[in-house]
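Given chain X's structure and the hints, the job is docking chain U onto it.
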Amino acid sequence: MATLKVPAHVPAPSEDAEQLRKAFEGWGTNEKLIIDILAHRNAAQRNSIRKAYGEAYGEDLLTSLDKELSSDFERAVLLFTLDPAERDAFLANEATKRLTSSNWVLMEIACTRSSYELFNVRKAYHARYKKSLEEDVAHHTTGEYRKLLVPLVSAFRYEGEEVNMTLAKSEAKILRDKISDKHYSDEEVIRIVTTRSKAQLNATLNHYNSAFGNAINKDLKADPKDEFLKLLRAVIKCLTVPEKYFEKVLRQAINKLGTDERALTRVVTTRAEVDMVRIKEAYQRRNSVPLEKAVAGDTSGDHERMLLALIGAGDV
Amino acid sequence: MAYPDHLEALNKAFSGIGVDENSLISIVANSNHEHKKSFRKGCSKLFIEDQNGFERMDQSIIKNLKLEFKRFRDAVVLSLLHPWERDARLIEKAMKKGQKHYDVIVEIACTRSSNELLGARKAYHSLFHHSVEEHLATHVKGCERKLLVALVSAYRYEGPKVNEDVVKSEAEILSNAIKNADKRKPIEDEDTIMILATRSKPHLKAVYEHYNKICDKSLTEILDAGLSVDGDEESKRAVTRVIVTQREALVKEGYAPNKIQGILTGHYKDFILGSLAREEMNKPL
Numbered sequence: 001m002a003t004l005k006v007p008a009h010v011p012a013p014s015e016d017a018e019q020l021r022k023a024f025e026g027w028g029t030n031e032k033l034i035i036d037i038l039a040h041r042n043a044a045q046r047n048s049i050r051k052a053y054g055e056a057y058g059e060d061l062l063t064s065l066d067k068e069l070s071s072d073f074e075r076a077v078l079l080f081t082l083d084p085a086e087r088d089a090f091l092a093n094e095a096t097k098r099l100t101s102s103n104w105v106l107m108e109i110a111c112t113r114s115s116y117e118l119f120n121v122r123k124a125y126h127a128r129y130k131k132s133l134e135e136d137v138a139h140h141t142t143g144e145y146r147k148l149l150v151p152l153v154s155a156f157r158y159e160g161e162e163v164n165m166t167l168a169k170s171e172a173k174i175l176r177d178k179i180s181d182k183h184y185s186d187e188e189v190i191r192i193v194t195t196r197s198k199a200q201l202n203a204t205l206n207h208y209n210s211a212f213g214n215a216i217n218k219d220l221k222a223d224p225k226d227e228f229l230k231l232l233r234a235v236i237k238c239l240t241v242p243e244k245y246f247e248k249v250l251r252q253a254i255n256k257l258g259t260d261e262r263a264l265t266r267v268v269t270t271r272a273e274v275d276m277v278r279i280k281e282a283y284q285r286r287n288s289v290p291l292e293k294a295v296a297g298d299t300s301g302d303h304e305r306m307l308l309a310l311i312g313a314g315d316v
Numbered sequence: 001m002a003y004p005d006h007l008e009a010l011n012k013a014f015s016g017i018g019v020d021e022n023s024l025i026s027i028v029a030n031s032n033h034e035h036k037k038s039f040r041k042g043c044s045k046l047f048i049e050d051q052n053g054f055e056r057m058d059q060s061i062i063k064n065l066k067l068e069f070k071r072f073r074d075a076v077v078l079s080l081l082h083p084w085e086r087d088a089r090l091i092e093k094a095m096k097k098g099q100k101h102y103d104v105i106v107e108i109a110c111t112r113s114s115n116e117l118l119g120a121r122k123a124y125h126s127l128f129h130h131s132v133e134e135h136l137a138t139h140v141k142g143c144e145r146k147l148l149v150a151l152v153s154a155y156r157y158e159g160p161k162v163n164e165d166v167v168k169s170e171a172e173i174l175s176n177a178i179k180n181a182d183k184r185k186p187i188e189d190e191d192t193i194m195i196l197a198t199r200s201k202p203h204l205k206a207v208y209e210h211y212n213k214i215c216d217k218s219l220t221e222i223l224d225a226g227l228s229v230d231g232d233e234e235s236k237r238a239v240t241r242v243i244v245t246q247r248e249a250l251v252k253e254g255y256a257p258n259k260i261q262g263i264l265t266g267h268y269k270d271f272i273l274g275s276l277a278r279e280e281m282n283k284p285l
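Line by line, the protein sequences give chains X and U.
With full-length UniProt numbering applied, the first sequence corresponds to residues 1 to 316, in that order.
With full-length UniProt numbering applied, the second sequence corresponds to residues 1 to 285, in that order.
Rather than coming from a laboratory, the hints here were simulated on the basis of the structure.
Treat each hint with caution, since some may be false.
What the hints assert, rightly or not - Pairs of lysine-lysine, DSS-like flavour, derived with a Cα cap of 30 Å: (1) X/178 - U/185; (2) X/123 - U/122; (3) X/237 - X/293; (4) U/141 - X/147; (5) U/185 - X/147; (6) U/96 - U/201; (7) X/225 - X/248; (8) U/179 - X/147; (9) U/96 - X/173; (10) U/205 - X/147; (11) X/147 - U/93; (12) U/168 - X/123; (13) X/130 - U/205; (14) X/51 - X/130; (15) U/93 - X/198; (16) X/198 - U/97; (17) X/178 - U/97; (18) U/179 - U/100; (19) X/237 - X/123; (20) X/169 - U/93; (21) X/178 - U/141; (22) X/169 - U/96; (23) X/147 - U/168; (24) U/12 - U/66.
To be verified - Pulled from the structure, derived: some chain U residues nowhere near chain X, Cβ distances all over 10 Å: (25) 8; (26) 15; (27) 30; (28) 31; (29) 39; (30) 46; (31) 48; (32) 180.
Glycine included, every Cβ here is placed at the ideal spot set by N, Cα and C.
This is chain U alone, in the form it adopts within the complex:
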């Protein structure tokens, strides 16, 4: 019996991000009792020898497998949902999960256009029977509350007009707020919140340029952090979310999905690559 080959293939099917559904079908579905026993004995990644005389799959492994199988489903659903519903659900989930996930809320509030953000707020009404700012204000107890509520409530002007004098004075305000960070957290400073949460994006760009600050990670950086098998679950989820929701921006930025080939696997990989390829086709020549 060519078990060693199958064993290797099986291990491979479970490595990477996502699972190789096709391999699993061809190997596991065609295995008999003996085959499976030898898999269990040979696959120390998944099974350990239990003192009661059987090969046990650890609970944490079962949990991890669940996550890997889910990736394809999540990518498809996220992709299918109306953007408003998608964003409303993402915000609600992030809010419930707690502080470590607030970056998702910031991401959505800041990368969507004014009308897209409003759409998400409307969808939130329909889905959760409360306004998003109401839930945020209730669930976020820490110092991030004011900033998050303000960010999500914004309806920024979208024109290019920028007032240079205001830009300069606001860059100063931000710089002072950061200098005084030991006395008072910048994200709790009223003026900082006002600037970040109400000014138009062209205005903020000018403020940042004036301040000369290196700000948020580029999209590429976020993705690279997630594209590692040893990365944490949240970074991996960010891969799905960022690729599905920011396809256009990624392709514009010239993102080359080389890393994805090697690390993602199965239907999940095909779906993600397919989404990016579709977006490539939309690019003007």
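One chain only, chain X, in its complex shape:
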């Protein structure tokens, strides 16, 4: 469920565009107005505003934002204003250019979006970067990471609820055998994890737990330092219990000395319209503190205000 709060009566896109233009004029910027508008419109509304702004002022709204704003606040506003598919394409492209920690962003996008959403990301990627997402991911990854990430971003999983219990049993056994032999990037493991539907995978992992006495992620912790294993555990979490995965990312981002602003911004802007309600619940359960309080304690200024607005704190 989304935490995004949209007012009951939304002004026409041209009005919103005009207000935003006013927010940019003169010395300084009216950040509060920007948050009041953009943090309280859904994706379709934001697209209309962008269109109206472009028609009225001959400049992409994002370009104006880029000129007027800076640092974390700017990033949060820019990311949120983007249409979800474009946003994910932007984040993915950024990830292919950065170092290894960016594998996580690619994995997160590939595993927590629906099949159609992921497909739209690939389409947006074509339009924006004139390349295919899988080609860039393949080019910028190597070895077992490439083996895992390319199929993950190329997947078009079946989205039905049908489950084959015999298959669940046999594939749970395959996973168990490969893990026992420490063949974590074995083709069969990759195949199961990157092609099965989420419902089927869930059934397989449940069976794993029943048959072998513990959840698969426990067995995948055999080597705590292994980065690939960490990624694989995250893949499994994302595919089965995404809100728990996001809770952990937020927790680690906030607890980190100095706060990982990028991770925090990424999770908030990408999930505010999707499942932030469940993520907040998971956060409260795990940390005994509401997410709003933790975010407020760790961020400041306009960036803080933007994030809080997106997670539903305060009035509309």
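Just chain U now, with coordinates in the frame of chain X:
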């Protein structure tokens, strides 16, 4: 009784690819008991003398006849189906039939546009309640698995932009993979798969040109292989599939259906020729 003429006509109706339905109607439907007996005795292609005193049609002949009668039906159905469903069904069938039929999967994955291939994947969901990559990964056990799954999952960029430096380095990678074929099969090489399965088609074209390699058979070559009565069943099926699905490309290539006249027969022939003629009409003058 003019049996000899009819016998000849009957033999002709069963030669060629497809069957001459009209001849069969006019001959067989109008035959009496005696006629049919003389056909059986005179048509050694179809009937053999059984030791128990009757003319028997061998099981393999019955099987072959089934295939020839089916051709018209298959051509019509394949032609009528929405391209997405058609391609999804073709892939699923090829996958189940095994290794010898993987070329069909390659054909579909590589000749369709990115959106057509995606459409086939969507249709696959609806028809078979699984994703195509999931089934492929399960059914293909051999060394082709990685390549086939990757090919079918591609959503290639379709613009013309090509990076020359990358082209050169990838041509080298392919050349090395092929040089080292005795140590490791090129289709299992990660980099080869990456290049073939993710790069855009203009990019791959440039890579091939740079490599100077003679690659896949042209469409015409595939068809000629199938247009022989002695050809194997798969080549014959390829005729239906390639003509029905690649009509535009064939006509553009200037394919002249001369061979078809002589070898195909019956409603099947009429349907195939009709499809090509229709496409000819669409060509700009």
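We went through each hint and held it up to the structure:
no. : hint          : verdict
1   : X/178 - U/185 : holds (24 Å)
2   : X/123 - U/122 : holds (15 Å)
3   : X/237 - X/293 : holds (26 Å)
4   : U/141 - X/147 : holds (17 Å)
5   : U/185 - X/147 : holds (17 Å)
6   : U/96 - U/201  : holds (28 Å)
7   : X/225 - X/248 : holds (18 Å)
8   : U/179 - X/147 : holds (23 Å)
9   : U/96 - X/173  : holds (24 Å)
10  : U/205 - X/147 : holds (25 Å)
11  : X/147 - U/93  : holds (27 Å)
12  : U/168 - X/123 : holds (27 Å)
13  : X/130 - U/205 : holds (17 Å)
14  : X/51 - X/130  : holds (22 Å)
15  : U/93 - X/198  : holds (25 Å)
16  : X/198 - U/97  : holds (28 Å)
17  : X/178 - U/97  : holds (29 Å)
18  : U/179 - U/100 : holds (25 Å)
19  : X/237 - X/123 : holds (26 Å)
20  : X/169 - U/93  : holds (26 Å)
21  : X/178 - U/141 : holds (17 Å)
22  : X/169 - U/96  : holds (23 Å)
23  : X/147 - U/168 : holds (24 Å)
24  : U/12 - U/66   : holds (17 Å)
25  : 8             : holds (55 Å)
26  : 15            : holds (46 Å)
27  : 30            : holds (54 Å)
28  : 31            : holds (53 Å)
29  : 39            : holds (52 Å)
30  : 46            : holds (46 Å)
31  : 48            : holds (47 Å)
32  : 180           : holds (18 Å)
Hint check: no violations occur; every hint is consistent with the structure.
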